[in-house]
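Asks: For reference, the chains in residue letters:
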Amino acid sequence: MTTYTNEQVAHLVEGSLDWDTTFRMLSMPKDNSRFEQYLAALQAKVSFKERIVLPLGPHLYIVQNAHKQWVTQCDCGHAFGDYRENWKLHAALYVRDTEEAMTEVYPKLMAPDTQWQVYREYYCPSCGTMHDVEAPTPWYPVIHDFEPDIEAFYKDWVGLPVPERAD
Amino acid sequence: MNMMTSKEVGFADLLKNGQTLKQFRDGIIERTQASGHYNGLEKLAFRDSDPIGYEKLFSKLRGGLVHARETAKKIAASPIVEQEGELCFTLYNAVGDCVLTSTGIIIHVGTMGAAIKYMIENNWEANPGINPGDMFTNNDCSIGNVHPCDIATIVPIFWDGRLIGWVGGVTHVIDTGAVTPGSMSTGQTQRFGDGYMITCRKTGVNDEPLRDWLHESQRSVRTPKYWILDEKTRIAGCHMIRELVEDVIRADGIDAYEKFAFEVIEEGRRGLMSRIKAMTLPGKYRKVSFVDVPYKHEDVQVSNAFAKLDSIMHSPCEMTIKPDGKWRLDFEGASRWGWHTFNAHQVAFTSGIWVMMCQTLVPTQRINDGAYYATEFRLPKGTWCNPDDRRTGHAYAWHFLVSGWAALWRGLSQSYFSRGYLEEVNAGNANTSNWLQGGGINQDGEIHAVNSFEASSCGTGACAVKDGLNHAAAIWNPEGDMGDIEIWEMAEPLLYLGRNVKANSGGYGKYRGGCGFETLRMVWNAQDWTMFFMGNGFMNSDWGMMGGYPSATGYRFEAHKTGLEQRIAIGDSLPLGGDLDPTRPDYERHIDATAVVKRDKQCMTTEDCYDNHDLYLNYLRGGPGFGDPIDREPKAIENDLNQKFLLPEYAQKVYGAVFTEDAKGVFTVDAAKTQARRGEMRKERLARALPTREWMKEERERILNKHAAVQVRHMFATSFALSEKFTKQFKDFWSLPDDWQLLEEELGVPSYGAKHRMDLSLLPDVTTVVQVEE
Numbered sequence: 001m002t003t004y005t006n007e008q009v010a011h012l013v014e015g016s017l018d019w020d021t022t023f024r025m026l027s028m029p030k031d032n033s034r035f036e037q038y039l040a041a042l043q044a045k046v047s048f049k050e051r052i053v054l055p056l057g058p059h060l061y062i063v064q065n066a067h068k069q070w071v072t073q074c075d076c077g078h079a080f081g082d083y084r085e086n087w088k089l090h091a092a093l094y095v096r097d098t099e100e101a102m103t104e105v106y107p108k109l110m111a112p113d114t115q116w117q118v119y120r121e122y123y124c125p126s127c128g129t130m131h132d133v134e135a136p137t138p139w140y141p142v143i144h145d146f147e148p149d150i151e152a153f154y155k156d157w158v159g160l161p162v163p164e165r166a167d
Numbered sequence: 001m002n003m004m005t006s007k008e009v010g011f012a013d014l015l016k017n018g019q020t021l022k023q024f025r026d027g028i029i030e031r032t033q034a035s036g037h038y039n040g041l042e043k044l045a046f047r048d049s050d051p052i053g054y055e056k057l058f059s060k061l062r063g064g065l066v067h068a069r070e071t072a073k074k075i076a077a078s079p080i081v082e083q084e085g086e087l088c089f090t091l092y093n094a095v096g097d098c099v100l101t102s103t104g105i106i107i108h109v110g111t112m113g114a115a116i117k118y119m120i121e122n123n124w125e126a127n128p129g130i131n132p133g134d135m136f137t138n139n140d141c142s143i144g145n146v147h148p149c150d151i152a153t154i155v156p157i158f159w160d161g162r163l164i165g166w167v168g169g170v171t172h173v174i175d176t177g178a179v180t181p182g183s184m185s186t187g188q189t190q191r192f193g194d195g196y197m198i199t200c201r202k203t204g205v206n207d208e209p210l211r212d213w214l215h216e217s218q219r220s221v222r223t224p225k226y227w228i229l230d231e232k233t234r235i236a237g238c239h240m241i242r243e244l245v246e247d248v249i250r251a252d253g254i255d256a257y258e259k260f261a262f263e264v265i266e267e268g269r270r271g272l273m274s275r276i277k278a279m280t281l282p283g284k285y286r287k288v289s290f291v292d293v294p295y296k297h298e299d300v301q302v303s304n305a306f307a308k309l310d311s312i313m314h315s316p317c318e319m320t321i322k323p324d325g326k327w328r329l330d331f332e333g334a335s336r337w338g339w340h341t342f343n344a345h346q347v348a349f350t351s352g353i354w355v356m357m358c359q360t361l362v363p364t365q366r367i368n369d370g371a372y373y374a375t376e377f378r379l380p381k382g383t384w385c386n387p388d389d390r391r392t393g394h395a396y397a398w399h400f401l402v403s404g405w406a407a408l409w410r411g412l413s414q415s416y417f418s419r420g421y422l423e424e425v426n427a428g429n430a431n432t433s434n435w436l437q438g439g440g441i442n443q444d445g446e447i448h449a450v451n452s453f454e455a456s457s458c459g460t461g462a463c464a465v466k467d468g469l470n471h472a473a474a475i476w477n478p479e480g481d482m483g484d485i486e487i488w489e490m491a492e493p494l495l496y497l498g499r500n501v502k503a504n505s506g507g508y509g510k511y512r513g514g515c516g517f518e519t520l521r522m523v524w525n526a527q528d529w530t531m532f533f534m535g536n537g538f539m540n541s542d543w544g545m546m547g548g549y550p551s552a553t554g555y556r557f558e559a560h561k562t563g564l565e566q567r568i569a570i571g572d573s574l575p576l577g578g579d580l581d582p583t584r585p586d587y588e589r590h591i592d593a594t595a596v597v598k599r600d601k602q603c604m605t606t607e608d609c610y611d612n613h614d615l616y617l618n619y620l621r622g623g624p625g626f627g628d629p630i631d632r633e634p635k636a637i638e639n640d641l642n643q644k645f646l647l648p649e650y651a652q653k654v655y656g657a658v659f660t661e662d663a664k665g666v667f668t669v670d671a672a673k674t675q676a677r678r679g680e681m682r683k684e685r686l687a688r689a690l691p692t693r694e695w696m697k698e699e700r701e702r703i704l705n706k707h708a709a710v711q712v713r714h715m716f717a718t719s720f721a722l723s724e725k726f727t728k729q730f731k732d733f734w735s736l737p738d739d740w741q742l743l744e745e746e747l748g749v750p751s752y753g754a755k756h757r758m759d760l761s762l763l764p765d766v767t768t769v770v771q772v773e774e
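Protein sequence lines, in the order shown, are assigned to chains A and B.
Everything in the first sequence is counted per UniProt numbering, starting at 1 for the first residue and increasing by one.
Everything in the second sequence is counted per UniProt numbering, starting at 1 for the first residue and increasing by one.
Hints are computed from structural coordinates only; laboratory data are not their basis.
Quantities reported herein were computed from a predicted structural model and do not represent experimental measurements.
One or more hints might be untrue.
Incomplete in silico selection of chain A near chain B, CB under 10 Å [unchecked claim]: (1) LEU39; (2) MET110; (3) ARG120; (4) MET130; (5) ALA135; (6) PRO138; (7) TYR140; (8) LYS155; (9) ASP156; (10) LEU160; (11) PRO161; (12) GLU164.
Partial list, derived from the structure: chain A residues whose beta carbon lies under 7 Å from chain B [to be verified]: (13) HIS67; (14) THR114; (15) GLN115; (16) TRP116; (17) GLU151; (18) TYR154.
Beta carbons: idealized from backbone N, C-alpha and C, even for Gly.
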């Protein structure tokens, strides 16, 4: 099985990995140690102290906080609440639901008609990072995208001890 | 005196084991369900005892399938087949389960299998009989074909007088003789206008097509020359593969071949599960996508008043990846099928999904029905992806399928991202449109139809480590190719006045989606010519990921009475190149001021008249973006500006780029000023935002008051009518009172099909094949 150095995985996270190695990652069987290396690269990169349990996005993580609770947290340290909840319900939201708001982001005729579809931009209430853009119809419930089975993943899939969790 | 033959029509004993094909298939299904392994194969005896022999057999068969495809496609004249590679050959075992498939449009891994299973379930072996040298043709969408233009030729393979398998070949033909020309036309609203429809018909004996079939089929379509050569392509490929199988059996023995033909499917089942465990992450993923169906507009001229309404396709997907590596794809809550040509049969979904998966989760040569056996599909009956009415039209089922699968891209990509396989993340794909289609009398004076396949090179979705590819691919054909201008100009009476990358068509993000492209076409040397548009316009189906924006939507541009003939004669300026910025249109400055121009979001139209020198813009869409745009590298923005992939206004507004432009038009982005501007943008974002729960209170009021456009209410009403679970989730989320409801009948739009429907299974002497939870 192909393996990669911690430095290479850190470059992958930064988007600065050379193409030859990236291509090898794409074309060769997957390296099962990646998750551990990935966590290490991210932990070294973030400014917060909490332990990363699972990355959710470029600036969003499930972390274990000082009280051993698992929460969804932004790069900047802003916590969105329990990891089982939909973090978007605790975000700052801007909805592009007018033609004027849509033409701020796309040329005329190249954005949706807001009678059919709107853009919902979810920001971190502290730092203003845009974590997600939903593009549903009006009325659509806020989507709870992802409920990971972290225990099964750690224990059965990558053979790592599950981080402690206080509920 | 009419003497009947004394030959008994009945049990044919094709397998020489005393079983009918149905009994044999029932046994396989039973053993699979009982053991959890395909055909009860808990051990792969051949593979484990002779791994080298097994692999050699695999290589011979797979190599032969690919070789047959590459050779046979040279017979075709249609650019769709010859240039774009819209064909595929697949080898099946005796019960129609796919053993291996070639490259190409491998959506057909299961569609021809569904046709074989239909023949088995409906006792084709007794009548019309299955013999060596027979050919069967199928394009019936109500038994598993994707859309009528995918014509399949299916040939049984016998060894020593015994049926041991089947080979099928499919090509996407240029015209199916539907109400309107082109292979995926919009003018019809039901199967009865969808074109020539063939249900597993015996069309050849002794390796020769039957003359009645040739005469009937060739006059049933507008493009007989292409049709004839497409059929020769399919037959040649099937016969090459049949010979290959015979050669393999002569070399390796029938026992080895038959063991392989079953073990490789079980191996495929295990392969998908191990790939899921190696690549993804267990849990629940929820994604959704939509497609606009704007049929109310006057430029959609259909023959039924009940089809004249605006509606929306709703495709919610809950993807559950289980700890054992199995997965379940549940489309509970999907909207109802409709009076248009975008409905999809369940097999188009369950089979078609692998053409997508081979580009992400299973990039392997071993695509076969094993993957189907490792997947639980739930496609509720009555939805757009499992219609319960035999009247449904399917000519462009892809329009919904591609968009429905966008949800799967995003779900899988979430798992790759969380696990650290960033190189695999893909925000999605483009809505593979526009489809330029039409017909009339071409430049050679012949009745003709056109179906541009430039859509096979749309932008791809952004990755988590790099931008998407510009004008590179289509989800439905992993080897898509936009084709050469010179070839298209021979196939279509349409001259190119431009072929350019489409600025701003890729979704913005830290990594942007790939841009699509646009070609400006001028009608030339045609007579009585028509064309129409087909694509997304009012909505996009491909969201960005993790802060990236969706790709741009489509729009249409067409111009009539252009005066271009005169302008060319006197050497005046002409509209050339791309429609760079639709906010500031430029084409109109190079045609007569009195020209009739349509520039709007109505990207779904029916046949309209075009004179020579009229214009048509074919805009192929871009892919969605990944990550917050204000994370994008200033150098990448600079590059986009200088290559005209991005308009300066949006470099400022979306990316926060601060830049200068020199006298030669070269842009330079100032990294420090850009960083400062982005700090301000963060504050501006928060200033205009509300806490989500505050916004929800406002939205809830709008729902209580039923304040939304009719197409939005129609979509929800059809989903509510089909799914109590979705209705409950919706009402719970918005805390709606128990008595709140939304019914189709209160919308004031036609609701034919809402209550009264008739499934194909209700026809006499028809057994349908169900391969999903309904």
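Asks: Should the hint that A/THR114 touches chain B count as held when the rule is a Cβ pair under 7 Å?
Replies: violated (9 Å)
Asks: Is the shortest C-beta separation between A/GLN115 and chain B less than 7 Å?
Replies: Hint on A/GLN115: holds, closest Cβ of chain B at ~4 Å, below 7 Å.
Asks: Restraint: A/LYS155 near chain B, CB-CB cut 10 Å. Satisfied or not?
Replies: A/LYS155 check passes; min Cβ-Cβ to chain B is 9 Å, inside 10 Å.
Asks: Was the hint right that A/PRO138 lines chain B, CB cutoff 10 Å?
Replies: Holds - the Cβ of A/PRO138 comes within 10 Å of chain B, reaching about 5 Å at its closest.
Asks: Given A/MET130 as an interface hint, is its Cβ closer than 10 Å to any Cβ of chain B?
Replies: At 4 Å from the nearest chain B Cβ, A/MET130 passes the 10 Å test, so the hint holds.
Asks: With 10 Å as the cut and Cβ atoms as the points, is A/TYR140 at the interface with chain B?
Replies: holds (7 Å)
Asks: Min Cβ distance, A/PRO161 to chain B: is it shorter than 10 Å?
Replies: violated (17 Å)
Asks: Taking the closest Cβ pair, is A/MET110 under 10 Å from chain B?
Replies: holds (4 Å)
Asks: May I ask you to test the interface hint for A/GLU164 with respect to chain B, counting a Cβ-Cβ separation under 10 Å as satisfied?
Replies: Constraint on A/GLU164 not satisfied, violated at 20 Å.
Asks: Tell me if A/GLU151 is really an interface residue toward chain B, meaning its C-beta lies closer than 7 Å to one of theirs.
Replies: violated (9 Å)
Asks: Would the stated hint for A/HIS67 survive a check requiring a Cβ distance to chain B of less than 7 Å?
Replies: It is violated, given that the least Cβ distance between A/HIS67 and chain B is near 23 Å, above 7 Å.
Asks: Holds or violated: is there a CB of chain B closer than 10 Å to the CB of A/ALA135?
Replies: Result: holds, 5 Å to nearest chain B Cβ.
Violation of the numbered hints given earlier is confined to hints 10, 11, 12, 13, 14, 17 and 18; the remaining hints are satisfied by the structure.
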